[in-house]
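K.L.:
Here is how the chains run, residue by residue.
Number of protein chains: 6
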Amino acid sequence: MVLNNINKSEILIETLPYIQKFYGKTIVVKYGGNAMINEELKNSVIEDIILMSCVGVKVVVVHGGGPEISNMLKRVGKESKFVNGLRVTDAETMEIVQMVLTGKINKDIVSLIDRSGRKAIGLSGIDGEMLKAKKKLQDGQDIGFVGEITKVNVDIVEDTLNDGYIPVVSTVALGEDDYNTYNINADYAASKIAAKLKAEKLILLTDVPGIMRDPSDDSTLMSELKPHDIHVLKMDGVIKGGMIPKVDCCVEAIREGVKRAHIIDGRVPHSILMEVFSDQGVGTMIY
Amino acid sequence: MVLNNINKSEILIETLPYIQKFYGKTIVVKYGGNAMINEELKNSVIEDIILMSCVGVKVVVVHGGGPEISNMLKRVGKESKFVNGLRVTDAETMEIVQMVLTGKINKDIVSLIDRSGRKAIGLSGIDGEMLKAKKKLQDGQDIGFVGEITKVNVDIVEDTLNDGYIPVVSTVALGEDDYNTYNINADYAASKIAAKLKAEKLILLTDVPGIMRDPSDDSTLMSELKPHDIHVLKMDGVIKGGMIPKVDCCVEAIREGVKRAHIIDGRVPHSILMEVFSDQGVGTMIY
Amino acid sequence: MVLNNINKSEILIETLPYIQKFYGKTIVVKYGGNAMINEELKNSVIEDIILMSCVGVKVVVVHGGGPEISNMLKRVGKESKFVNGLRVTDAETMEIVQMVLTGKINKDIVSLIDRSGRKAIGLSGIDGEMLKAKKKLQDGQDIGFVGEITKVNVDIVEDTLNDGYIPVVSTVALGEDDYNTYNINADYAASKIAAKLKAEKLILLTDVPGIMRDPSDDSTLMSELKPHDIHVLKMDGVIKGGMIPKVDCCVEAIREGVKRAHIIDGRVPHSILMEVFSDQGVGTMIY
Amino acid sequence: MVLNNINKSEILIETLPYIQKFYGKTIVVKYGGNAMINEELKNSVIEDIILMSCVGVKVVVVHGGGPEISNMLKRVGKESKFVNGLRVTDAETMEIVQMVLTGKINKDIVSLIDRSGRKAIGLSGIDGEMLKAKKKLQDGQDIGFVGEITKVNVDIVEDTLNDGYIPVVSTVALGEDDYNTYNINADYAASKIAAKLKAEKLILLTDVPGIMRDPSDDSTLMSELKPHDIHVLKMDGVIKGGMIPKVDCCVEAIREGVKRAHIIDGRVPHSILMEVFSDQGVGTMIY
Amino acid sequence: MVLNNINKSEILIETLPYIQKFYGKTIVVKYGGNAMINEELKNSVIEDIILMSCVGVKVVVVHGGGPEISNMLKRVGKESKFVNGLRVTDAETMEIVQMVLTGKINKDIVSLIDRSGRKAIGLSGIDGEMLKAKKKLQDGQDIGFVGEITKVNVDIVEDTLNDGYIPVVSTVALGEDDYNTYNINADYAASKIAAKLKAEKLILLTDVPGIMRDPSDDSTLMSELKPHDIHVLKMDGVIKGGMIPKVDCCVEAIREGVKRAHIIDGRVPHSILMEVFSDQGVGTMIY
Amino acid sequence: MVLNNINKSEILIETLPYIQKFYGKTIVVKYGGNAMINEELKNSVIEDIILMSCVGVKVVVVHGGGPEISNMLKRVGKESKFVNGLRVTDAETMEIVQMVLTGKINKDIVSLIDRSGRKAIGLSGIDGEMLKAKKKLQDGQDIGFVGEITKVNVDIVEDTLNDGYIPVVSTVALGEDDYNTYNINADYAASKIAAKLKAEKLILLTDVPGIMRDPSDDSTLMSELKPHDIHVLKMDGVIKGGMIPKVDCCVEAIREGVKRAHIIDGRVPHSILMEVFSDQGVGTMIY
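Chains as they are written, first to last, in the working numbering: chain A, 1 to 287; chain B, 1 to 287; chain C, 1 to 287; chain D, 1 to 287; chain E, 1 to 287; chain F, 1 to 287.
Treat the hints as calculated values from the structure; they're not laboratory data. Predicted, not measured: the structure shown is a model, and the values here were computed from it. Do not take every clue at face value.
Any copy will do: because identical chains look the same in the list, a pair fits if it lies in one copy or spans two.
In silico EDC-like pairs for lysine to aspartate or glutamate, Cα to Cα no more than 20 Å straight-line [stated by the list, open to error]:
| id | residue 1 | residue 2 |
| --- | --- | --- |
| 1 | LYS196 | GLU256 |
| 2 | LYS42 | GLU14 |
| 3 | LYS25 | ASP163 |
| 4 | LYS198 | ASP248 |
| 5 | LYS81 | GLU95 |
| 6 | LYS132 | ASP108 |
| 7 | LYS42 | GLU95 |
| 8 | LYS240 | ASP217 |
| 9 | LYS8 | GLU40 |
| 10 | LYS134 | ASP108 |
| 11 | LYS78 | GLU92 |
| 12 | LYS74 | GLU92 |
| 13 | LYS135 | GLU148 |
| 14 | LYS42 | ASP178 |
| 15 | LYS132 | ASP142 |
| 16 | LYS42 | GLU10 |
| 17 | LYS259 | ASP229 |
| 18 | LYS74 | GLU95 |
| 19 | LYS132 | GLU252 |
Could you build the full structure based on these sequences and the hints that come with them?
P.N.:
Listed below in structure tokens is the structure:
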């Protein structure tokens, strides 16, 4: 398919209403899953972030850990114990988690944005005391330094946005009542940060096309859901497993003032742009 | 040809380097010719202006008069005298010129931009004393209130740009030494204003594809010319007639600090976008 | 009468309390009537505006059309139809109205202020989407593009005031629901703009000394009236004819937050200064 | 002579060019002589200061001591010694001088301005370390705490002007090399402060009409003098006695960047206004 | 006792929590008593003020008169009449009071601060119309120009604090309804100013260790008192005589929004620092 | 030794001149050595940083790696090769270096400052493209991702200082010409950053008392050295080994505009405070 300049210009013009709509608004992108591993997808996400930033969107990137944490644990010969399927995060594990999240993944994302011509700044929940947390019990059991957010202070995010940087946030928090650091679920942190920033959109990059009636059938994707619909879908067992905490984060964000939350497919290149700059949108929108 | 969202996103991404390049820069567009008459072209120019403004370009529109001046003169039964092919602009004619330029065409452009969701402001050389002029003789003969710019003060353009408006300028000037108003050639005014603003680009919308060795053969278009080339082409008679004042405006703008001047084809929809947001460019660039 | 410097200084000193009183306050002057035709009166109004601006008053000028619209209609051979004494404003008429108001009268006022050493900027209801309107029916009949204001956005007035310009406003509006432009009664627009700006004063320049019990006897001028008095005077038929819409504009302005509205005699040179900078005031004050 | 509002307005309008000329400019007034004693003259000076301030002039008042210092010295029974006609300022005398200047005269002027509706602030050379001085010898003799300015820091004058106050300065200085305070000649301090502020005008209020060829004949007043003229007039003995230091202050101010210095008659009410707001001016202008 | 650098650093570090606590907060110090007479104490107070200012405290100094007023009255041979132990302040006395307070004591404090390397500015209740007052009757009797504050305008204090100066205030006020100046009790003025500034602390420097059950026994000092305690102590006659107006000022300040008021011993060097920068505090705190 | 409040206040007062001297100035602290390992020393350094920040110093912390890098390499079973005593930094090693520096040590320092009540922000040379580097050869041999700084952009340091944060910088750089990250010697990076910031002081925390004639004899400490002295001492072999690069960094910083560089003993608690806030200073000053 050969596109000449004229066709391209028309496509550009089609995005105009979306550009105008999101100018000066805040969009929080939770970056994770395959889009963090595959090189091509990685570049596509960075390009989407930069394009949004260029057309006046205040983009905040919140990232998770991916498989690199497990790799590093393996490399240091740390064996993991599990409680109900959740890894117990002892002090040694937490040290590795913090290093990989804030020292490796975070800086790699910052570096990619920098090299594409925008200024990024790597932050964590520790910087500027952004996130405070306390120990989170899993089914009543202590699984170590896994935290639940108790306080969110987005001053440092707003300061760096106003200075013209794209803030990239890794979700490690300071202990509210102790001197430990805690690992925080990135979806959950993104939701809390988006809420505090009164963001226009929270976008969760996942490895599925969205919320589907039948996960094996893409045609059953539900494009728009209200919190109440979600409640029903959870009762009916349609939303289940790993999707539950994700939709919960979305619903909570909406309840605390975020305009729209999106669960989209990070495996499709430029899915963020498709969501933000076109009519159809992609994935599931919760609003 | 059916384009899905993915293809569209890729096209959007292709424009990224250009968006980054012109962010915060000033581009002066001289709007005239067929693009001012044909409804579809008109909309296409407005869309181009708005898109540039949305991605952070400081756009200044300078417009000419087009056939509406002649129409109005005809309607008031004013017969025109000519000296060497130039219309003599007596007081009555000047009154009509001012009304049509600043009261009709200017407000129509402002209105189109407003309705597309950006704030525009109509200015003339009279507002904020932007343009001062003295009488211009044509081959030694007085042809009335046709002026030559003696002073340019772009404060009002910068003030309104900084307040977030798109300034739309009609090229009527105050007399430097008398109480008359003067009609100013719009190419010439655009060139002077671009120079004073130290603009990144001056774009002249014309009714030809650019500067061609053989005007009847599009394949002889010269994409890039240096002032010296132009000097030679004028000597050789390749550049002649109505194209001469246009290239002179471009050369003068370059000499006074504008980075690049462009003569492009206003008859092609979105030719401005094609010039600004792609590698190939369109028309002739003088730099 | 010979006045030496000492006497002059004393007169200057007498104005001190008024200068202090209106420093930084907004005064909206509706400029129209004879003061727009007679050259001497014209200069006197401009001087008054400039003096107020120099002593720190934020002056906004709103102007009407005067006889120039009729002249131009005559020149283009446009015959006017009337409904109950009001001219039917068809599309062709509206085009002329817009051109004369925004392209001739407006620019002439701007030019006069500029030449007196202050910076003015010509605006219309179209610029910055200041005025939105819908069709106004006259006794149930469609009389064309005569509009009723539906929305007032004074951002552009405040932006240009803050940039140090004297805004001069011609009262043409954008259609709220269509793509037409509408002619707006200037008294009415001035009242609406003054209200939105929370102006200290709205001053209507008229061709009468003020509101009089007996229009043929200047000694029956009523200097101060409350909205209630006006209600009674209208009931009693003392206020009638063309004066009714003027007092209605004043009363509405007062109701929406303007401190004082004045109907003064534009045929007396410097009547604005006399009103603003002396104890006695002139004309009728509604408060 | 009865002046109606119309005549008054015309007089007001006559001042327009002067108001426009001095808008935002700095004028330093040295206040002293009879204008500090006579109640009517006092009020007239205060009115002049306030009017200038209202029309946008940055007025700085520098005042001398007048007869109140002698009165207070008499009241405390302090006898004065003299050296070549100059009072010896011992520590006790200096204490009285400082109290009268900064505690009585200064506060009385501030109080008068405050009560007329503008905010004034009393300063001395001590506040914000505005003036530093060293001992000045009189014909080689030590006459006590009479100082010569060694350093001028007008930060505090500019800060308070920018905060909207009229600074009123009494001319007591801090010792550059010791812990004493010094009395400074007010003409001299005003000249130094005006120079540092790059003032538009320095106005010295005196008890004579200006510089005259024959002091007994008002018709011999010289309206305009260049520094060179003054040099000649001093050589010729036309300028002599107490006038010499005054003209020296003026000449020095001019040399250090003040545009114009004026010696005017403080015994004529509103002589400052007459100088600033009329064509003829009064007294002698040095430029 | 020999202290090496290490010990000194540890002491410095001990003050850290206090420095952090008062950073950017306002502390009003009422300066009076022995600390104004004894040279060593004077220097110690100035050092305390400068240190607080250096570590980010917004310090405002309000001072009283001390014995210098009586001295000057004696020097001018003015005999004082008394009504119930209070000096009758006739016009002549008031003139001396104003001169000594604003012209001597105030400037001496400003001078001391300036010489220690911070910029101070001397203010009185007259400057910027900070304090307005009316006549205060003593037991129904007119005792002259002793005033009661009717209006406090701290704009000038805030302006000069924001410009980086340490304001030093002498407590002379303008008459609210007449053209006199009034002497104001400095404790009372400090209390009112602190309240208007919503100060963190009001510190009254006195010549006693604080409020004591038995004034002759230092060990009976009460470190902390609530307004209610004070009420009881006054009823019981424990707080009596000259201490009553001081505690009343403190209580009133607390009621109007000052966080804490302190009565401390100005005879102990650096008592202000001890209060502000240590845990124990000194004197009596009312909160 | 018991110190009462009075003694403590006197010590506080002694620091006044130093506090005044460094107010608003920038001090870059290179943090490393034992002071990074020993818990007590660690706290002492943090306290010094916070105290400086509280009294208005703009503190920038640049830190090295310490033994944690080696520990982590050991934990992942990475064996190190050496070239002339320098560890070869292959890709895997560099990954660990980056993680430990930016993800562990950096965040631990930020966390300590946060918990002490000031806001810190962790930065690396990657954030905001602060540091660009190219490969550094060791005696002509490629030892991997050890970098030499080619570009320093301190915008992000200044932005975060102006937002009120204490920037903590880990010295990893982006490749200037490739997509790798490089490990940068922290002394060298601190020197470059201090130079770009035109810092008042660069302080290198080391494990020696300073530069000594005889390293085994503390009494041979040289308190002050000029660049020329250092040249001579290097020629004479007095400065040798690991001290050479440190003094080179200091000399280069001085040459590029830093006022003073200090090599001090990080093993002595509060050595930074002792250097900055006392007369004697500690260690060796190069200026």
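K.L.:
Check the structure against each numbered hint from earlier and tell me which ones fail, lowest number first.
P.N.:
As far as the earlier hints go, not one is violated by this structure.
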